[in-house]
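So the protein lines, in turn, are chains A and B. For the record, in the first sequence the residue sitting at position 30 is 30 according to our numbering, with numbers rising by one throughout. Add 1000 to the 1-based position in the second sequence for our numbering, that's all there is to it.
One or more hints might be untrue.
Each computed DSS-like pair below joins lysine-lysine, with the alpha-carbon atoms no more than 30 angstroms apart [unchecked claim]:
id: 1; chain 1: A; residue 1: K69; chain 2: A; residue 2: K27
id: 2; chain 1: A; residue 1: K219; chain 2: A; residue 2: K69
id: 3; chain 1: B; residue 1: K1229; chain 2: A; residue 2: K55
id: 4; chain 1: B; residue 1: K1110; chain 2: A; residue 2: K110
id: 5; chain 1: A; residue 1: K55; chain 2: A; residue 2: K69
id: 6; chain 1: A; residue 1: K55; chain 2: A; residue 2: K66
id: 7; chain 1: A; residue 1: K66; chain 2: A; residue 2: K37
id: 8; chain 1: A; residue 1: K86; chain 2: A; residue 2: K27
id: 9; chain 1: B; residue 1: K1055; chain 2: A; residue 2: K229
Worth flagging that the hints you see were computed from the coordinates, not collected in a lab.
What follows is each chain in one-letter form.
2 protein chains.
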Amino acid sequence: MNRNLLLISNSTNASEEYLAWPRSYIKDFLSKHGVTKTLFIPFAGVNLTHDGVEKSFDLYEERVRKIFKELGFGLHSIHRELDVVKAVNDAESIVIGGGNTFYLTSMLQKFGLMEAIRAKISRGIPYVGWSAGSNVACPTMMTTNDMPICEPLSFNCLNVIPFQINPHYLDANPAGHAGETREQRILEYLTVNRDAIVVGLREGDLLTVEGDTMTLTGKRPIRVFRFGKEAQEFQPGENLDFLLKTS
Amino acid sequence: MNRNLLLISNSTNASEEYLAWPRSYIKDFLSKHGVTKTLFIPFAGVNLTHDGVEKSFDLYEERVRKIFKELGFGLHSIHRELDVVKAVNDAESIVIGGGNTFYLTSMLQKFGLMEAIRAKISRGIPYVGWSAGSNVACPTMMTTNDMPICEPLSFNCLNVIPFQINPHYLDANPAGHAGETREQRILEYLTVNRDAIVVGLREGDLLTVEGDTMTLTGKRPIRVFRFGKEAQEFQPGENLDFLLKTS
């Protein structure tokens, strides 16, 4: 598939400014592909303000636009468009921000945007996603960490990579807390989805997918889970193309 | 509604033995209602062994049966029954254990057990649930912490209480981690479900519902969330009947 994806685990590392760590990577990626402006999809950001979902999208657009402007790119949000499918069809690049993956998936499905965005990606249009925006690039949204705050039509997503990402992957629970660890949750997923591959993408990491090549950027390894096999870690710089092979 | 429910946040506190903390409460609750044996529903426990879901249910039954035997109650698991609806209809009491809420919900829906269990509960049959087993007592499964490992027919659940429980409620993220806090997730839920009430049930806490009265047992307060209002904390011993009023 002729795809150009920047799939980012998290917008912001603890105690850093919003989108601080990935911004230089976003700049390099969009510049490399000659992008001057981007269509922003804010649908995961339902609660940036308590004044309702629409106001939250306004605020989300403003927050991200400011940063993209500093990086030299124009940005406007799809929630201001009447014909959202046309907005996608006309876009030079697409950026989907983080938040709640269930709400994002639900909105993309409701407006027929899954097919439209997938078609654009397959024509090589650069795509940037972080957190929920990385989750929806997967075959399904099933390895999200988010709370099911609404019911999407299905769990099917863009399916522009053949594996599942678990963003914000972390190794331990808070001290004194007894819920399932992230690894236990992913193993549960694999128990009932045995052919799937899950990539635990730690905070501060991102994946760049260009056609059939994939590279990891960041300070920490990814953790790759398959049913019935030991989890494996891969460092930044190692070849990850094999993870795209089942597509 | 003529209901008798013991809704437990978590089976096991960190560093304790399995079901250690709630077992005396389970014993008192079942004894009070004259129960001698119980039907166990293990469907949330998909990954207790790596030998597949059925083996996992066997192991889950064994683990819980041992403890219930010590408490003086017989227990057998519904996954051994051919006619699962009849098993529910014949049950003297029903116990649903924790694990993955999506898988549990999916199985209960697939086998027509939501209606059957709800009907039993409305006839006063004692019900005990922990973690996922408390989540499915709610109107929907939407405030679970679990990963969507499979797609249920819908998010609708037993609806034998009128509010949502968030089990394993916790206040902070692990140090250095930047994902949404539990409170942020619940506020996202309320933004798109404005009439709902969410009870954050901390580990080591349980709710006893008998008809139209509800009491909290445990060492920590519950945290009650409503759209557009400050979250409120209620201590063990305070009157919680108002939370049942919208039913």
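Now for the hints, and whether the structure bears them out:
| no. | hint | in the structure |
| --- | --- | --- |
| 1 | A:K69 - A:K27 | 10 angstroms, holds |
| 2 | A:K219 - A:K69 | 27 angstroms, holds |
| 3 | B:K1229 - A:K55 | 18 angstroms, holds |
| 4 | B:K1110 - A:K110 | 25 angstroms, holds |
| 5 | A:K55 - A:K69 | 21 angstroms, holds |
| 6 | A:K55 - A:K66 | 17 angstroms, holds |
| 7 | A:K66 - A:K37 | 13 angstroms, holds |
| 8 | A:K86 - A:K27 | 25 angstroms, holds |
| 9 | B:K1055 - A:K229 | 18 angstroms, holds |
Of the numbered hints given earlier, the model fails none.
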